[in-house]
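For chain X, the structure is supplied; the task is to place chain C on it using the hints.
Letter by letter, the chains look like this.
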Amino acid sequence: MTQYFQDPALWGLIAGTPVAATAIIRGRKKIKELGREKVELKQHYANLEDHYAEAVEEAKDRAEESTKNTLKAAMRTLQGLASEQQLAISKLQETYGEQKILQDLLDIDHMNSQFARRAQSIAVLCDGWLGRRRNDASLYDVVRSAKGRIRHFTRVEIRSQSNFAIVNRAVEPVALVLAELLDNATSYSAPETIIEINIRPVPKGVCIIVDDAGVGMNEEEKARAGQLLSGGNSASVSSLGNPPQFGFTVIGVLAARYGFTVSVDSTSPYGGVRAVVLLPDELLTSLHESEEGPAVAASTPLPPENPPGPQAAAAPGPRHRAPGPPDFGGPEAGPPAVPETTAGGLPKRRRRGAISIVPTENESTPTPARDSARTASAMGAFQRGTQSGRRSTNASSEGHEVQ
Amino acid sequence: MTIDDEPELVHEAAELVRPYVITNGRDLVDDSRFSLLTLVTVAQEPPRTQPLDPEKQRVLELCAGGFLSIAEIAGHTGLPVGVVRILVSDLTEEGHLYARAPIPSAQLVDRQILEEVLNGLQARFG
Chain X
1 MTQYFQDPAL
11 WGLIAGTPVA
21 ATAIIRGRKK
31 IKELGREKVE
41 LKQHYANLED
51 HYAEAVEEAK
61 DRAEESTKNT
71 LKAAMRTLQG
81 LASEQQLAIS
91 KLQETYGEQK
101 ILQDLLDIDH
111 MNSQFARRAQ
121 SIAVLCDGWL
131 GRRRNDASLY
141 DVVRSAKGRI
151 RHFTRVEIRS
161 QSNFAIVNRA
171 VEPVALVLAE
181 LLDNATSYSA
191 PETIIEINIR
201 PVPKGVCIIV
211 DDAGVGMNEE
221 EKARAGQLLS
231 GGNSASVSSL
241 GNPPQFGFTV
251 IGVLAARYGF
261 TVSVDSTSPY
271 GGVRAVVLLP
281 DELLTSLHES
291 EEGPAVAAST
301 PLPPENPPGP
311 QAAAAPGPRH
321 RAPGPPDFGG
331 PEAGPPAVPE
341 TTAGGLPKRR
351 RRGAISIVPT
361 ENESTPTPAR
371 DSARTASAMG
381 AFQRGTQSGR
391 RSTNASSEGH
401 EVQ
Chain C
1 MTIDDEPELV
11 HEAAELVRPY
21 VITNGRDLVD
31 DSRFSLLTLV
41 TVAQEPPRTQ
51 PLDPEKQRVL
61 ELCAGGFLSI
71 AEIAGHTGLP
81 VGVVRILVSD
91 LTEEGHLYAR
101 APIPSAQLVD
111 RQILEEVLNG
121 LQARFG
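Protein chains in written order, with the UniProt record's numbering: chain X, 1 to 403; chain C, 1 to 126.
Next up, chain C with everything else stripped away, as it sits in the complex:
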């Protein structure tokens, strides 16, 4: 029985390190804090810490070039969005990353005000 006749895995192997190990079994972060569009970038003065996990290191490198959204980070790393949220949340708390809430979409103006303006304009110029 030699080692060389060890067959390759029959099926395409999934990643060696599973996502629940990367998050160390933590609960998901509430998505109100980090939405898909929350933008993050590396902090100006990152703290000196122990070597980070490869995945966190990867996130930092991705964000080194400027602001990147959570969705984009998930796309680049191939990790589930929820897992990326946990990583980003950790990194933000540790001071490695700086998060900026997404620019809110324009608020809908009250219909009544619009009607009043319209009425006023019509009364004046109509």
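Extracted from the complex, chain X is given alone in its bound form:
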């Protein structure tokens, strides 16, 4: 064993062991440190990556926002111009109504309406406004207005009229939504086929049903359409594609904003798409005669040759809209006549004429014995005269809206 003591290798080993141990321990420490650093770096990297995604998202949002604002402002100008032009065309149509040029004016009017619709749709995508109408409009007129905003409008047939009217703020949105639906329907069906519109009252409001005879949509398209129509994801201008397909997106935005629903997930009886717009009661109203204006609401054919007497007083005349004095016409005076309705259930409009403004002779014939009755009757006639006069001045300002 002693020979080993003289071996320098042993001493070398003895001296080397702690050195090696220290080196190993140091190495381990180093590895640990490096490991920690690595974790930190990883975290840092992850952080950076997150922030990057956020930053990109933010930049995208900001770009989208400014695009929308710019487009919105531009569209507002276009919308204004289109409606100004529409007014000008209206005046021209009236001026040159009896000449051949009217045909061209009608065509230009049609093009202008389509142009206005495009501008409106883009405005909606950019969170812009459509402009609120001053008056409520009958549902039938709104549907016809929508029909006029697409290219092949003669293929659209409106099968039913209704008594319902749409409140003024919803007139343009509903018309635009219907126009986009009709545009889709005409684009995805053969040119000789008809698009049918039916109006059906339901417990929750009114349904406008648009049936086309096109090829329909597959499940995937239906799902995508349903998602767009729900208006859930906000409209983005950059994701519309080229050529842009924004019909369903526009509809979704408007439906969400005004609180009605649109669905396209059923099949029409003709094999194409059936689109259903459900308008809730909040957006509906009924057309009152007074709103229609006296120009169209004067009288049923008057009985001018009625024998004087109680029958005349009870006959439905123009005065049922002007509450006369209670003693007018004597005790036989019947209750105010209920506005008649046509076979289709529409309120019957009445003709205005000189006869309805000036009460007929027998109406104002007093009972000879009663002076007070004569006075009252004269007063009544005077009141009716001024009222119908006032109504006819309103008519000139409102008359256009009801046509």
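Check each hint, because a few of them may be wrong.
Covered stretches of chain X (chain C as the covering partner; in silico rule of three or more C-beta atoms under 8 Å from a C-beta of chain C) [as the list claims (entries may be wrong)]: (1) 18–29; (2) 95–103; (3) 109–117; (4) 143–154.
Calculated from the structure, these hints are not laboratory results.
Keep in mind it's a predicted model, so treat the numbers as computed, not measured.
Note that the Cβ used here is the ideal one computed from N, Cα and C, for glycine as well.
Only chain C this time, still in chain X's reference frame:
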């Protein structure tokens, strides 16, 4: 974003239903059939049809009181004359309206005849 801050239309809005929709894109009617002065009135026995468009209904109501000219109907309805012609033409064909041609203005008599008469009278009494 509430609905109530929706601005009103800046410009006075034109009619909601455009005339080309009322005529359903049809061509204008030749004005030789219905001149401005053609008189129409409601037929004695109107046919039973589906509910008419509001504009056609309006024309019928206007004519209910007696004969009315095309020009007057256009004035009352505010529609272009050409559009009224189409409506009236439709209504006449469907049997709702009865049209009467305007009374022709007096024909000018041949100048030669007048001269001959004058000469004859002068020869006789002059």
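For each hint, the structure was consulted:
1. 18–29: Contact hint for the segment 18–29 of chain X vs chain C: violated, 0 residues under 8 Å.
2. 95–103: Holds: 7 residues of the segment 95–103 of chain X have a Cβ under 8 Å from chain C.
3. 109–117: Since 3 is at least three, the answer is holds.
4. 143–154: holds (count 6)
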